[in-house]
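Protein chains: 2
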Amino acid sequence: MASSSKSLETKKRPHILTIAGSDSSGGAGIQADLKTIEAFGCYGSSVLTGLTAQNTKGVQGVHEVPAEFVTQQFKSVVTDDYPKCIKLGMLTNSSIIRALALELKQWDTINVLDPVMISTSGHALLPEDAIEAMKELYPLVDYFTPNIPEAIKLTGYSTTSQSKLNLEQMIELAKLTNTKTGAFTVLLKGGHTSISRREVLDIKNREKGDYDIVWEEGDDDLDTIEVLSLYSAYKQIPKSEEEQLVVDVLVNKGEVVALFVGKKIDSKNTHGTGCTLSTAIACAYATESREVPDFNLRMFKKAISYTKTAIASSYPFGQGHGPLNHAHLSVKRALPPPTKYNPHPFVSHLIQSNLPLWKSYVKHPFVVQLGKGTLPKECFEHYIKQDYHYLKHYARAHALGAYKANSFEDIKAFTDIAGHIARESEMHVNYCKSFGIDLPTLESTPESAPCAAYARYVIDIGTQGDILDLYMSVASCLIGYGEVGLWLQKQVEVGEATLEGNLYRKWMEDYSGKDFLGAVERGIENLERRIAEDPPTEARLARLTAIWHECVRLESAFWDMGLNLIK
Amino acid sequence: MASSSKSLETKKRPHILTIAGSDSSGGAGIQADLKTIEAFGCYGSSVLTGLTAQNTKGVQGVHEVPAEFVTQQFKSVVTDDYPKCIKLGMLTNSSIIRALALELKQWDTINVLDPVMISTSGHALLPEDAIEAMKELYPLVDYFTPNIPEAIKLTGYSTTSQSKLNLEQMIELAKLTNTKTGAFTVLLKGGHTSISRREVLDIKNREKGDYDIVWEEGDDDLDTIEVLSLYSAYKQIPKSEEEQLVVDVLVNKGEVVALFVGKKIDSKNTHGTGCTLSTAIACAYATESREVPDFNLRMFKKAISYTKTAIASSYPFGQGHGPLNHAHLSVKRALPPPTKYNPHPFVSHLIQSNLPLWKSYVKHPFVVQLGKGTLPKECFEHYIKQDYHYLKHYARAHALGAYKANSFEDIKAFTDIAGHIARESEMHVNYCKSFGIDLPTLESTPESAPCAAYARYVIDIGTQGDILDLYMSVASCLIGYGEVGLWLQKQVEVGEATLEGNLYRKWMEDYSGKDFLGAVERGIENLERRIAEDPPTEARLARLTAIWHECVRLESAFWDMGLNLIK
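As given, the protein sequences belong to chains A and B, one line each in that order.
Numbering follows full-length UniProt numbering, in which position 38 of the first sequence is assigned residue number 38; successive positions increment by one, without gaps.
Numbering follows full-length UniProt numbering, in which position 177 of the second sequence is assigned residue number 177; successive positions increment by one, without gaps.
Derived by calculation from the structure, the hints in this document are not laboratory data.
The beta-carbon is built from N, C-alpha and C at its ideal position, and this holds for glycine as well.
Keep in mind that a hint or two might mislead.
Calculated pairs, DMTMM-like style, for lysine to aspartate or glutamate (alpha carbon to alpha carbon, straight line, at most 20 Å) [stated by the list, open to error]: (1) B/K264 with B/E242; (2) A/K208 with A/E226; (3) A/K135 with A/D108; (4) A/K340 with B/D266; (5) B/K208 with B/E255; (6) B/K11 with A/E538; (7) A/K340 with A/E533; (8) B/K332 with A/D534; (9) B/K490 with A/E226; (10) B/K175 with B/D212; (11) B/K340 with A/E216; (12) B/K332 with A/E288; (13) B/K340 with A/E538; (14) A/K302 with B/E538; (15) A/K490 with B/E241; (16) B/K302 with A/E538; (17) B/K433 with B/E378.
Here's a subset of chain A near chain B, in silico, CB distances under 8 Å, partners left out [what the hints assert, rightly or not]: (18) R13; (19) P14; (20) S25; (21) G26; (22) L51; (23) Q60; (24) E226; (25) Q244; (26) P316; (27) A327; (28) K332; (29) K340; (30) H344; (31) H389; (32) G465; (33) T537.
The task is simple: from the sequences and hints, build the whole structure.
Dropping the structure here:
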């Protein structure tokens, strides 16, 4: 009971504020940031510094937001809900940068700065005087994420081959950026150059232990996972020392902390990559546990991996550099989460998914006649004998559930129900005795086809599937008899059914009694808890629903069997 | 192979453009729209008409975007990628409205208009002359979604009790709004009043068949699902004719099409509800199949239900009217989707999740010595006899897989493998024969503890869980032996292992042969396909990973058994 209420609690999500420009095409700027924040399960707010009229082919226009209005937006947001992390992207001009520096000084927030200077399409997004003004911002920055051209521009780093830095030059540039800006931690992004696996291994051998080398594929060995290169759909280039990789360099206080090494991804859909990565860092900061010693590395690895998969799984949009697939981390729920207004979305779905079928079961003529006391005795007699057989298999199914369980809690729950069913069968024995049928006769009555069809289906599903399939195969009997019990009770109240002088009174009272309805309540609760804890995909839900429908159909056929004396 | 390539295809997503204002606090405006669009699995772009400095307590400032720049943004977006649907929200002023009317006339887009006039916090967002200008827009609008105060304002509808319309008045107002504006379809939102269940049932009886009454809970019967009222966590108010409901009225060409009836949700977190609903309508339009006859009803029902659950499952943010939970439709993926750069995220995860354990298995001293030919013959003899036993259970596990299958395709795949394993055992028989051990002796050799521990674990997991658990329990043997076969082949190439004169040559050649490696490839592919088609949740992945680790551990212990002659 505690756990099901718990699943209805609504927990605050980490608040991430993005301060950046708007990209009308939705692939970069605050649009990319908000999509990333959603993907990480955080809450996104945004302060706009400028608007662009933009698409995947380029930037067609820029509208600058007045610095005072930037400040006003910032104050509205932070005074109402303090952000766990702030990401700063395109800051448009020097007066906005100065206004923001003034504000940020007053707040002790964690700030990630992505120095958006040039769009993916090549449009200059920051004037020269603004680059100068950024110096006021750097001391307030916790994580700074320039790419190679930006770092070169900021530091004046000179090299003969700027277009293709090697790993040592990258490390030099990252350290210089850290020292010159004064930003606390710098991640120099390596996407503008290529580094061979050999270079990385050489550095690893020379600098051993001084810093971490974090491999995207989890391991630097060349021969531990040969078997995956077999995989046919995309024959992978076997790992070799010549393989060209991307390396991002993480530097703190002028010293290298880690190199992040991974595959080069060949895609034209890179619009908004920088925005996405810096926001992913803010989100990873807010969501990763800070209690583990390698918090920093895990956070950057998570953000880098999210961004790369977003590029690799991108889909077509527009005619130029398309956007990333920000939503790749999510799958669609097949069912809404439980809320106060819909605490049982799963069982509601099962019943609603074929309401006529459900009605044909719970308001079956057998039930209606039973409630009125007009049901012929031989029909009930036939039904109760077969139900006695059914209950034995139903108890066995619960014992099978105990076999399939992984915890003593589940074992206890299943064996309790099996015991409960054994007690339930006493009513059957007593009814039969009153009809002059003794136990050996009852036991030797042949199983009717409808009884065997249903009982053996339950046992087979229980054997074939997992514990949830088994739960599913026993659910409609439990829940349906609860519905019948409650409905008959209500029919008695409105004079449509009767207890007085009704031969089936004991049956009616048992299934509307506290004992049985308590079991129904626990059964529904248990199903909802399992589904809330491990929400099914569309495919899984379809399988579970099919089992439910089959059982409901077989239940209805079971009443038919009684009413029409089917053998 | 076809199916696995297929899962790597990246399909275009429906493009939804929102034309609206920015809400810095992230709960309304384009921020709410983009979050909704993400939740529906569509692609969101945005044209900004104005910025607000806003939080959950109110609107502190508005910055209007020049009409020409609104036009420029619009052109940038639509000329690059044609939207499947456009949602129009806060339009700020009359010149923006006129500019947009001019543009929209030139494009044959599906347009949803939410007439944002007043914020949830009570701030007026549209001047009087802009309300007048809206008339130019209405003829271009496919779906128009005013609330009661907005509809009253637009139509001049007069009633003695404006604050509390009854259902007949609502219907009258909806029809009037439709006729007066000329918008194609009008959804009058009923959240500002309450309608009793009795009123709805009365209307239903009077107007029977003229239009649809779509109940949120799927049914209007008061007594079909009694059993859910048992549910303990939140005792539900039993349905009664007095129950107060929310009714939204859908009108087309002046005639009622449907009433959408549902529960009243009591929450202060309603900031951005109108923005969310209208965007959800645009998304539902773009994603629901238009081939079913009740397309319109399904689309509105889906959008209304999304919005209501977003309110009901909202979490704390800010100090005033908090935002909705836009992400309630999604669950987080436990694994990234397969991409060209990572076509086997599942098997990679399994191996990487405990690499030292994997290495202890595939580079076990037994394997190293076997490759060099230095492994003592009695060790190999002990191993091959036990592996013969193991293979029998391994074949049985695959037969159990065929029992657990739901398709002839799976039955064939499992029985094929079982047959393959039977053939594999011939090598064992032949090795034993060459060691002077005949078949009856081999058969009567007692099962060693490590062999029994592993083989019976596989059978037990296969019986206990579903077909995927069973696949998991047989996977590490298949994939690991593939890895060993490939690695030994490579060791031969570099002179660290030898085939010449090696007693174990046949064994080495079998496990690096085309036949066996083909089976490994199909095995990996099958696992990845199943996982991509039905992505596991965190909980499910944890269970699958635990089975893998246990099997890898037992594999390693199996080599130990050979090397140390453990009985």
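Hint check:
| no. | hint | in the structure |
| --- | --- | --- |
| 1 | B/K264 with B/E242 | holds, 13 Å |
| 2 | A/K208 with A/E226 | violated, 26 Å |
| 3 | A/K135 with A/D108 | holds, 18 Å |
| 4 | A/K340 with B/D266 | holds, 10 Å |
| 5 | B/K208 with B/E255 | holds, 14 Å |
| 6 | B/K11 with A/E538 | holds, 19 Å |
| 7 | A/K340 with A/E533 | holds, 17 Å |
| 8 | B/K332 with A/D534 | holds, 11 Å |
| 9 | B/K490 with A/E226 | holds, 10 Å |
| 10 | B/K175 with B/D212 | holds, 16 Å |
| 11 | B/K340 with A/E216 | holds, 15 Å |
| 12 | B/K332 with A/E288 | holds, 15 Å |
| 13 | B/K340 with A/E538 | violated, 25 Å |
| 14 | A/K302 with B/E538 | holds, 16 Å |
| 15 | A/K490 with B/E241 | holds, 17 Å |
| 16 | B/K302 with A/E538 | holds, 16 Å |
| 17 | B/K433 with B/E378 | holds, 14 Å |
| 18 | R13 | holds, 6 Å |
| 19 | P14 | violated, 11 Å |
| 20 | S25 | holds, 5 Å |
| 21 | G26 | holds, 4 Å |
| 22 | L51 | holds, 5 Å |
| 23 | Q60 | holds, 5 Å |
| 24 | E226 | holds, 4 Å |
| 25 | Q244 | violated, 13 Å |
| 26 | P316 | holds, 5 Å |
| 27 | A327 | holds, 6 Å |
| 28 | K332 | holds, 6 Å |
| 29 | K340 | holds, 5 Å |
| 30 | H344 | holds, 5 Å |
| 31 | H389 | violated, 24 Å |
| 32 | G465 | holds, 5 Å |
| 33 | T537 | holds, 5 Å |
Checked against the numbered hints above, the structure violates hints 2, 13, 19, 25 and 31; every other hint is satisfied.
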